Amino acid sequence: MSTKRTDSNSYTIIFSVIMVVVVGSLLAFFANFTKDLRVKNDQVKAQIDILSAIGVESDRSNATEMFTQYIKQQKVIAGTEVSDDEKAYLIDVKKEMDGAKKGNVQRLPLFVAEKDGKTLYILPVRGNGLWDAIWGYIAINDDLKTINGVYFDHKAETPGLGANITESFFTDDFKGEYLYDASGNFKGIEISKSNGDPNNEDKTDNQVDAISGATITGNGVGAMINSGIRAYLPYFETLKK
Amino acid sequence: MELLEIFLKSIFIDNMVFATFLGMCSYLAVSKKVTTAVGLGAAVIFVMLVTVPLNYLLDQYILRPGALAWMGEDYAEYDLSFLTFILFIATIATMVQLVEMIVEKFAPALYNSLGIFLPLIAVNCAILGGSLFMQQKEFNNITEATVYGVGSGIGWFLAILAIGAIREKIRYSNVPPAFRGLGMTFILTGLMAIGFMSFGGMLTGGDEAPTKEVVENVTPAETVEVNEVATDSTALETVTDSLTQTVQQ
Amino acid sequence: MANTNVEKEPLFSKKNLGLVKDPLTDNNPVTVQVLGICSALAITAELKASVIMALSVVFVLGVGNVLVSLLRNAIPSSIRIIVQLVVVAALVIIVDLTLKAYMPDLAKKLSVFIGLIITNCIIMGRFEAFALGNGPWKSFLDGIGNAAGYGLILIIVGFFRELLGSGKLFGFPVFGDPVEKTGLYATGYENNGFMLLAPMALITLGLIIGFQRSRNKNLIETH
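First to last, the protein sequences are chains A, B and C.
Reading the first sequence from the start, the letters are residues 21 to 261 in my numbering.
Reading the second sequence from the start, the letters are residues 130 to 378 in my numbering.
Reading the third sequence from the start, the letters are residues 18 to 240 in my numbering.
Chain A with its partners taken away, still in its complex shape (with noise of 0.2 Å):
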């Protein structure tokens, strides 16, 4: 009876061993052959975000070439160590983040861009909104005062409110928006539901209209912006020195 033999206990074992191993290999070789297709997929991703925080569109097959073209020096600030690095643009944000709090110095890669003829520095930054993590990027003009385009994105705001943040109509308010106050102390941006500017032509007022019905979204959005430039101030005034 065939019954009989799948039953012993060797046979189980020798089944197991046998199927552990065609599995195991099988998988093995399948991830590896994708592997660098897909370390590169979310390499490229990076770019794609960095680039549209300056407002330079491209996608998955221009990508690399666009950022080197645009993005002349990666560097990483550590504490008061200024260092140039190439690969500045994959430093984990969470990880350093979730390293400071434990007492780490935290890494903050600054990205050194040029596009008709000026400087932009971009930076990025990570938050929380209504439900999961935001994060996104900054571009500061060269006076370092002002901001030249935002990117954001989410995990998991709620589609139609929240989840807006990465539409251009949000976005592009922040264009031009002053980061300090009238007496030159940082203010940052604050997501204003009732500044009376709905346009958003007044750029000193460190007030940006938010989107309504996502308040919390928002406010993850004002915290995040500030919190995240606060970090590179002591840089940022080396640089005007």
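Because the hints were derived from the structure by calculation, they are not lab data.
Owing to the predicted nature of the structure, the values given are computational and were not obtained by experimental measurement.
Positions of the beta carbon are idealized from the N, C-alpha and C atoms, including for glycine.
Treat the hints with caution; some may be incorrect.
Stated by the list, open to error - Derived DSSO-like pairs (lysine-lysine); straight-line CA-CA distance at most 27 Å: (1) LYS126/C <-> LYS55/A; (2) LYS266/B <-> LYS115/A; (3) LYS107/A <-> LYS122/A.
Said to hold, decoys possible - Calculated Cβ distances over 10 Å to all of chain C for the following chain B residues: (4) VAL163; (5) GLY168; (6) GLN189; (7) GLU206; (8) GLU229; (9) LEU247; (10) ILE271; (11) ALA291; (12) ILE295; (13) PHE328.
Here the structure of chain A is known, so what remains is to put chains B and C in place on it, guided by the hints.
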């Protein structure tokens, strides 16, 4: 504080059934009566309590890139994360089997009430989902992962308990024939999910904007109050800040 | 109908075709057998994600059913469930890696839900109920049919949610531009953003079930 937040969040905000639709099969099949619903719900909490921390350890020390560093420098570069699914599901299936045997041997009373549900659980998406979401959320330590697992289990328990009770009651209502049973259960679950969405604002520190307006608008005669409000709002901000930081992990 | 295999049963006999056709309508795994709802509804806010999810399940269940059917006399009965889980998990990992390599943006959107195909009750259900007792060809048809029945529901739900929720299909605007107020929006039509939220997936599915049962009275439950 952080643990409490993870706990409440996993029960109410990221509820397994209402936010991510996990474990729907058994949720629909076993919710006709409250008593069976309670049995299955309790079994889910129990298995979550065991499998989520176990899978957390697997993830930390075997699966994630660089996790094998404890075996020596040479192993640090291996990335076994492609084996995640297979290892997680194997752990779950084994643990369910093991738990069933242990419970049967040492707690026959518990086995009589939970026993028949345990085999169902190996293929309950809520269990695997709990482990996969745990991996995605990248918790700092095993305590947080355990709290998350238990919280998710309790969330699932609440959901199946509620729908079980409603289904017992709805038997006396005149539901249109085509919607009887499954159709109505789906719509009810949808309505409950809408209700649960309102928990979303629970852990965000509230809406700060109105507080600030109050501060600006009060007349000098009420300065004392202004101070209070101001302290309140700073307190609120500190809470929000600490919350933001905790959620950032 | 192609009568290729005359001596035995034709390859596409009525019975074999029924294996594919039944699950699409009267014996639909989702709306009638109540299986496999778990991993699916969260990703139906967009039609494209629904289609990819449906195709993934067709692949996993089609190939998985054949593998289990081929192995059915070799699998030791004591570790049957584990072997089946390993087969599904391996296939799902292949799907997951492929999506990550060739469709990275979509893979990110589907996140853990591809992994949750493993615990999709339809798959284990078909392995147990069909593949363990039937030959590979029949199992293949049965797998394809059931996965397609599941996919059909996903696609219907995805179609309504994307159309009513964001006024698009496969990401292309159907009703005009909601910001510029062109097309249908000029008449005052608004997208119902609520359709994109989780609860509406359940309610849409409830309505589909009600619709199907009002047309086929045999399916009505007596509570």
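Consistency of the hints with the structure:
1. LYS126/C <-> LYS55/A: Status holds; Cα separation ~20 Å.
2. LYS266/B <-> LYS115/A: holds, 12 Å
3. LYS107/A <-> LYS122/A: holds, 24 Å
4. VAL163: For VAL163/B, whose nearest Cβ neighbour in chain C is about 15 Å away, the distance exceeds 10 Å, so it holds.
5. GLY168: holds, 19 Å
6. GLN189: holds, 18 Å
7. GLU206: Label holds. Min Cβ-Cβ 19 Å, cutoff 10 Å.
8. GLU229: holds, 12 Å
9. LEU247: Holds, since 13 Å exceeds 10 Å.
10. ILE271: Holds, since 20 Å exceeds 10 Å.
11. ALA291: holds, 14 Å
12. ILE295: holds, 13 Å
13. PHE328: holds, 13 Å
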